[in-house]
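Line by line, the protein sequences give chains A and B. All residue numbers for the first sequence refer to the numbering used here, where the first residue is 1 and numbers rise by one. All residue numbers for the second sequence refer to the numbering used here, where the first residue is 407 and numbers rise by one.
Incorrect hints may have been included.
To be verified - Not the full set, but computed from the structure, chain B residues with beta-carbon under 10 Å of chain A:
1) Ile593
2) Gln596
3) Leu671
4) Met672
5) Leu676
6) Asn813
7) Tyr815
8) Gly817
9) Val822
10) Tyr825
Honestly, the hints are just simulated from the structure, not real lab data. Glycine included, C-beta positions come from ideal geometry on N, C-alpha and C.
As a plain string of letters, each chain reads:
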Amino acid sequence: MIGKSKIIAGIEIGTSKVAVLVGEIVNGSSLNIIGFGRSSSRGVIKGGIFDFKQASDATHAAIHAAEKQAGAHIEGVYLAQSGAHIDGFYNEASVTVSSSNNLVGAEDIRRVCESAKAKVLPEGRTVIHHIRRPFRLDGRMVADPEYLEGGKLEVGYWTVHGSLNKISDAIHIINGFSLHVDDLILSSLASGVMVAGSEAMRNGVLVIDIGGGSTDFVLYRDGYVVRTGTLPVGGDHLTNDLSLGLRIGRTQAEALKRRCAKAVVDPEDKGQKIWLNGNLAIGDRQISQHAINRICHARVEEVFGLIKKKLGELISPQQVAAGVVVTGGGSRMAGIAETGEAVFGVPVAVGENPAWVTDELRGLEFSTVLGLLNYGLKNENESDSEGGRRKPGGLLRKVTRIFDKG
Amino acid sequence: MNEQSTPIDSSGANDAPSEDGTQQVPSSRAVRMKLFGIGGAGMNVAARLEKESLGDIEVIGFNADSQGLSACSLNRKILIGERITRGLGAGGDPEIGARVAESARPVFDKWIQGADVVFLTVGLGGGTGGPAACAAGEAASRSGALVIAFAVQPFSFEGPRRQKQADQALIALRKSCDAVIPLPNDILLQEMGETTPVLEVFQRSDDWIVRGVRSLWSILSRPGEINLDLADLRQVFRQRGGKTLYGLGMGSGERCAHAAYKDMLMCPLLHSPEFCARADHLLINLCVGPGFTMNDVHETVNRITERFGRDGHIMMGVAIDESLAGGIEICVLGTTEVDRPSPSATRHRRQALTPRPAQPDSRKSGGERSGAGGHAPKVAAVAKPQQREFGFEEEDRRGYFDRSESNLYEGEDLDVPTYLRRGIRISP
Numbered sequence: 001m002i003g004k005s006k007i008i009a010g011i012e013i014g015t016s017k018v019a020v021l022v023g024e025i026v027n028g029s030s031l032n033i034i035g036f037g038r039s040s041s042r043g044v045i046k047g048g049i050f051d052f053k054q055a056s057d058a059t060h061a062a063i064h065a066a067e068k069q070a071g072a073h074i075e076g077v078y079l080a081q082s083g084a085h086i087d088g089f090y091n092e093a094s095v096t097v098s099s100s101n102n103l104v105g106a107e108d109i110r111r112v113c114e115s116a117k118a119k120v121l122p123e124g125r126t127v128i129h130h131i132r133r134p135f136r137l138d139g140r141m142v143a144d145p146e147y148l149e150g151g152k153l154e155v156g157y158w159t160v161h162g163s164l165n166k167i168s169d170a171i172h173i174i175n176g177f178s179l180h181v182d183d184l185i186l187s188s189l190a191s192g193v194m195v196a197g198s199e200a201m202r203n204g205v206l207v208i209d210i211g212g213g214s215t216d217f218v219l220y221r222d223g224y225v226v227r228t229g230t231l232p233v234g235g236d237h238l239t240n241d242l243s244l245g246l247r248i249g250r251t252q253a254e255a256l257k258r259r260c261a262k263a264v265v266d267p268e269d270k271g272q273k274i275w276l277n278g279n280l281a282i283g284d285r286q287i288s289q290h291a292i293n294r295i296c297h298a299r300v301e302e303v304f305g306l307i308k309k310k311l312g313e314l315i316s317p318q319q320v321a322a323g324v325v326v327t328g329g330g331s332r333m334a335g336i337a338e339t340g341e342a343v344f345g346v347p348v349a350v351g352e353n354p355a356w357v358t359d360e361l362r363g364l365e366f367s368t369v370l371g372l373l374n375y376g377l378k379n380e381n382e383s384d385s386e387g388g389r390r391k392p393g394g395l396l397r398k399v400t401r402i403f404d405k406g
Numbered sequence: 407m408n409e410q411s412t413p414i415d416s417s418g419a420n421d422a423p424s425e426d427g428t429q430q431v432p433s434s435r436a437v438r439m440k441l442f443g444i445g446g447a448g449m450n451v452a453a454r455l456e457k458e459s460l461g462d463i464e465v466i467g468f469n470a471d472s473q474g475l476s477a478c479s480l481n482r483k484i485l486i487g488e489r490i491t492r493g494l495g496a497g498g499d500p501e502i503g504a505r506v507a508e509s510a511r512p513v514f515d516k517w518i519q520g521a522d523v524v525f526l527t528v529g530l531g532g533g534t535g536g537p538a539a540c541a542a543g544e545a546a547s548r549s550g551a552l553v554i555a556f557a558v559q560p561f562s563f564e565g566p567r568r569q570k571q572a573d574q575a576l577i578a579l580r581k582s583c584d585a586v587i588p589l590p591n592d593i594l595l596q597e598m599g600e601t602t603p604v605l606e607v608f609q610r611s612d613d614w615i616v617r618g619v620r621s622l623w624s625i626l627s628r629p630g631e632i633n634l635d636l637a638d639l640r641q642v643f644r645q646r647g648g649k650t651l652y653g654l655g656m657g658s659g660e661r662c663a664h665a666a667y668k669d670m671l672m673c674p675l676l677h678s679p680e681f682c683a684r685a686d687h688l689l690i691n692l693c694v695g696p697g698f699t700m701n702d703v704h705e706t707v708n709r710i711t712e713r714f715g716r717d718g719h720i721m722m723g724v725a726i727d728e729s730l731a732g733g734i735e736i737c738v739l740g741t742t743e744v745d746r747p748s749p750s751a752t753r754h755r756r757q758a759l760t761p762r763p764a765q766p767d768s769r770k771s772g773g774e775r776s777g778a779g780g781h782a783p784k785v786a787a788v789a790k791p792q793q794r795e796f797g798f799e800e801e802d803r804r805g806y807f808d809r810s811e812s813n814l815y816e817g818e819d820l821d822v823p824t825y826l827r828r829g830i831r832i833s834p
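Using the sequences and the accompanying hints, generate a full structural model.
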């Protein structure tokens, strides 16, 4: 692909918005962002598509806007995946090095990887990612064992899988615009690479992306992905909690959440009152800031608590030396870091997209779609170096398999 | 009769021998009402209601636990399922509860005889309450009575098992009764102060049931200036399986109508925000003090209709209550069709419904008693949507996520607000 450019798009069909980012990959090595389109999402709840037609229309509108701005046609799509249907498991395998001189050969590596990935999925499920952990040669962690000397070669994979139906729905929406899905990327992996630097990934960092309908997380250590996960709880839940708790409409609750909700219970807010609509019109009433905070704090604390529980022993101050980074639209809420620190017992920071990102896309709700393009770039130029990422073509095979089965 | 049921007439503190009967039924053809307190929690409420001197309601308690039975101050109480539990209760086991309920059917049949309206009070989540209330509801329906159940749902902290049993019982109950008014303890807890003793928290649901029964009783037994009667109630509850909307509000003073409306919006029996609280059939009853103007009535009804109405049936009643000088009590009762369109669709469909203001001469037409056809002004009527079965999952506390798949994690539904599940008081 030398001397050639390819137009790719990162697409996230989220619960609150659909975002489409178009990038041009020049010479397979550099990326220019040339178009952006977004629309209010419809037909998606808790990260999952429930109304195909509505979700499809919203997505097509966003793609159309992005292509128009880019003035180019998209040639391949990197599609984000989230939602309750996504699950994962860890599987390890080991082989005895076969050559007589105990030097690890390519065949040994192939064998150990194949057998670690060989676990059969239940009916109706399909693999989204096989994420490889570092190799271990006689217990020693090595990045690339080939030509090293040793007796026993081990490797583990964190396999992320999802419902075949749900994934094909999303792919069909993209195909419905006559576009081809090059790869499916877990939302957390996409936003993770945007807000966590490589040093943090080496030292250990947990990235939590709080979206509209779901919260995705990814834990890195030694520069590798250790765990990923999704909770079907997001900003919509905070809105709903406020709406039920304060007996206000959903639109009012959403506005109130954005305007003045805090994820931390601050004694100073006791007695403070907030105008519901803030326009002093008839029907406006005062609401206790304390009540708002208690509702939000309970929810945020629970979400963090569930993530902590899911990670179990994997999360400790030693293992996540770089702390926790939160991103996604939900991370905007005041006090989110404080509550996170109380739950995880490690420093929590609100993430930032890289400095090169334009103002329009600086918002943390765009971490995922930016990360998708980043993946696309890597995918296009890393055809030979593996580094835990999929080779081009692997994706294609996966997508074809979905349709063979379906 | 059968030997499983034994009217208890000894060992109680203040008991009266049960004479099969029809005492206390006033002359002419008044609506005959009975109230069944089922299970321990149901009987406790029933006992309080008996003291409320709602004259023409006959109160009877049913329990599978003879100890609980004798501890209760009700005058009339029946042990059910004795052959199955030997009077020891179902121990929270729904299978035993179902067998108890099955064996009690003839007992319910017998006690329901002659009733036009049967109220059930029950606490869900345990073994006996749910199944027995269903059996009683079915018996009452078979006899042609209108059945209205008040069902207390357990606190989340009582554990996912009880929660699940309660949810299932509620779904079953909706099918066997004309109306089911759930009282989630989680939500009632929100009303309490930080330092409220536990016992009082449990009593809170009783308070609301007492208010609820009293207000229905007054619709049925006291003539209004614009009268509502049993036939109107039947209209509202034409279809089963749907959710019941029920709200009570009180107000007094200068802007009492406004105050009562606001009070009603905060009523825990209503406990859902606008999008899941639109009724296909709506009944509004106002009890007002003598000074209340027709204009105020008109405005209040309009406001309620706007908030809860849909293009369905709306009925209203107004009764003058001398004791409410300068005050007003609102009672709103509605049902949603089982096949309810999505909330967003209904919001667009909403039309301005203007109930016909009552004519001055309708005051005179008051006095008729129930039993005959309905005379309340019916405002708008549209073809009834077709009914389709669909299973309700956990109820009402899910709000926006009401129609989506439940979000279970270790037995907890994450779509339900955390503060409700944790019993965190937010005091809005």
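Structure-based check of each hint:
1. Ile593: Since chain A brings a Cβ to about 9 Å from Ile593 (chain B), closer than 10 Å, the hint holds.
2. Gln596: Status holds, d = 8 Å.
3. Leu671: Holds: closest Cβ of chain A sits about 6 Å from Leu671 (chain B), inside 10 Å.
4. Met672: 6 Å, holds
5. Leu676: 9 Å, holds
6. Asn813: At 5 Å from the nearest chain A Cβ, Asn813 (chain B) passes the 10 Å test, so the hint holds.
7. Tyr815: With Cβ-Cβ at 7 Å, under 10 Å, it holds.
8. Gly817: Check failed: Cβ of Gly817 (chain B) comes no nearer than 13 Å to chain A, outside 10 Å.
9. Val822: Given a least distance of 9 Å, the restraint on Val822 (chain B) holds.
10. Tyr825: Hint holds; Tyr825 (chain B) Cβ to chain A Cβ min 4 Å, cut 10 Å.
The structure fails to meet hint 8 from the earlier list, while all remaining hints are met.
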